[in-house]
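Using the sequences and the hints, build the whole thing.
Residue 212 is where the sequence shown ends in this note's numbering, and the numbering goes up by one at each step.
Keep in mind that the hints were calculated from the coordinates and are not lab data. Honestly, I wouldn't trust all of these hints.
[To be verified] With a straight-line Cα cutoff of 16 Å, these simulated EDC-like cross-link-like pairs (lysine to aspartate or glutamate) come out:
#1 Lys130 - Glu97
#2 Lys185 - Glu154
#3 Lys124 - Asp140
#4 Lys124 - Glu110
#5 Lys124 - Glu209
#6 Lys108 - Glu189
#7 Lys151 - Glu209
#8 Lys185 - Glu173
#9 Lys177 - Asp166
#10 Lys130 - Asp92
#11 Lys151 - Asp141
#12 Lys108 - Glu191
#13 Lys130 - Glu94
#14 Lys151 - Glu104
#15 Lys89 - Glu104
#16 Lys108 - Glu154
#17 Lys108 - Glu97
#18 Lys108 - Asp153
#19 Lys124 - Asp92
#20 Lys185 - Glu110
#21 Lys185 - Asp141
#22 Lys185 - Asp92
[What the hints assert, rightly or not] What follows is a set of in silico ranges between Cβ atoms, one per label pair, in the way DEER data are often shown:
#23 Glu112 - Lys88: 23 to 29 Å
#24 Asn175 - Lys88: 41 to 47 Å
#25 Gly199 - Asn175: 18 to 24 Å
#26 Lys185 - Ala93: 23 to 29 Å
This structure is a prediction, so every number in the text was calculated from the model and none was measured. Ideal Cβ placement from N, Cα and C applies to all residues, glycine included.
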Amino acid sequence: MAKKLSDAEQVEQYMAALEHPMKAEIETLRGIILGASPKLSERIKWNAPSYFYRDDIVTFGPPARKPDEILLVFHHPSVVDIASGLLEGNYKDRRLATFKSMAEVEANREELVGILGQIVARIEAGS
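Structural data, given as structure tokens:
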């Protein structure tokens with residue numbers, strides 16, 4: 086009987102098999118997200134890397150959606166109350182962020198860390 090892979094092992098396996106022209110940018114975003122708070126963990130959800138702390142927070146959009154763009158879907162309800170130029174969409178329960186280059190990933194590093202920090206703080210506060 087095969088041992089069930091841990092969440093982290095499943096993400097590593099997913100990334101090893103991923104063929105995407107922006108794979109380096111995806112790896113960099115993974116590092117930024119995980120580095121934003123030691124409380125964040127990753128797993129595969131909806132067939133993509135997803136990040137959580139008590140609740141689901143953000144998930145990569147389907148990599149095949151657009152080969153020249155990376156989509157992050159912020160789906161923790163508190164994200165709708167966070168003001169950020171990085172967050173797009175006027176949905177009642179989520180916001181989106183897109184990246185089209187490594188330069189965009191790096192230029193938005195601190196903003197992304199700030200958004201994640203705010204969500205973790207709101208989760209801890211129970212909101």
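Verification of the hints:
Simply put, lysine 130 and glutamate 97 have alpha-carbon atoms about 13 Å apart, close enough for the 16 Å limit, and the pair holds. Annotation: proposed proximity of lysine 185 to glutamate 154 holds, straight-line Cα distance about 5 Å (limit 16 Å). In summary, the hint linking lysine 124 to aspartate 140 is supported, as the alpha carbons are separated by about 11 Å, within the 16 Å threshold. Between the alpha carbons of lysine 124 and glutamate 110 the distance comes to roughly 22 Å, so the proposed pair goes past 16 Å and is violated.
Distance hint between lysine 124 and glutamate 209 is fulfilled; the C-alpha atoms sit about 10 Å from each other, no more than 16 Å. For the suggested pair lysine 108 and glutamate 189, the alpha carbons sit about 14 Å apart, so the restraint of at most 16 Å is met. As the CA atoms of lysine 151 and glutamate 209 are separated by approximately 34 Å, the hinted pair breaks the 16 Å bound. In summary, the hint linking lysine 185 to glutamate 173 is supported, as the alpha carbons are separated by about 14 Å, within the 16 Å threshold.
Of the supplied pair hints, the one linking lysine 177 and aspartate 166 holds, its CA atoms being roughly 10 Å apart against a limit of 16 Å. Between lysine 130 and aspartate 92 the alpha-carbon distance is near 10 Å, which keeps this suggested pair within the 16 Å criterion. With a C-alpha separation of about 24 Å, the suggested pair lysine 151 and aspartate 141 falls outside the 16 Å cut-off, and the hint is violated. Of the supplied pair hints, the one linking lysine 108 and glutamate 191 holds, its CA atoms being roughly 15 Å apart against a limit of 16 Å.
Taken as a hint, the lysine 130 and glutamate 94 pair is honoured in the structure, with Cα atoms around 13 Å apart against an allowance of 16 Å. For the proposed pair lysine 151 and glutamate 104, the alpha carbon gap of about 13 Å is at most 16 Å, so the pair holds. Annotation: proposed proximity of lysine 89 to glutamate 104 is violated, straight-line Cα distance about 24 Å (limit 16 Å). Between the alpha carbons of lysine 108 and glutamate 154 the distance comes to roughly 11 Å, so the proposed pair stays at or under 16 Å and holds.
For the suggested pair lysine 108 and glutamate 97, the alpha carbons sit about 13 Å apart, so the restraint of at most 16 Å is met. With a C-alpha separation of about 10 Å, the suggested pairing of lysine 108 with aspartate 153 holds against the 16 Å cut-off. Distance check on the hinted pair: lysine 124 and aspartate 92 sit about 15 Å apart at the alpha-carbon level, within 16 Å; holds. Only pairs whose Cα atoms come within 16 Å are accepted, and lysine 185 paired with glutamate 110 is accepted, the gap being roughly 9 Å.
Between the alpha carbons of lysine 185 and aspartate 141 the distance comes to roughly 24 Å, so the proposed pair goes past 16 Å and is violated. A hinted pair counts as satisfied when its Cα atoms are at most 16 Å apart, and lysine 185 with aspartate 92 does not qualify at roughly 27 Å. The beta-carbon spacing between glutamate 112 and lysine 88, approximately 25 Å, falls within the hinted interval of 23 to 29 Å. Checked against the hint of 41 to 47 Å, the pair asparagine 175 and lysine 88 passes, with Cβ atoms roughly 45 Å apart.
Evaluation of the 18 to 24 Å hint for glycine 199 and asparagine 175 yields a pass: the beta carbon distance comes to about 20 Å. With their beta carbons about 28 Å apart, lysine 185 and alanine 93 fall inside the hinted range of 23 to 29 Å.
Violated hints, in rising order: 4, 7, 11, 15, 21 and 22; the structure is consistent with all others.
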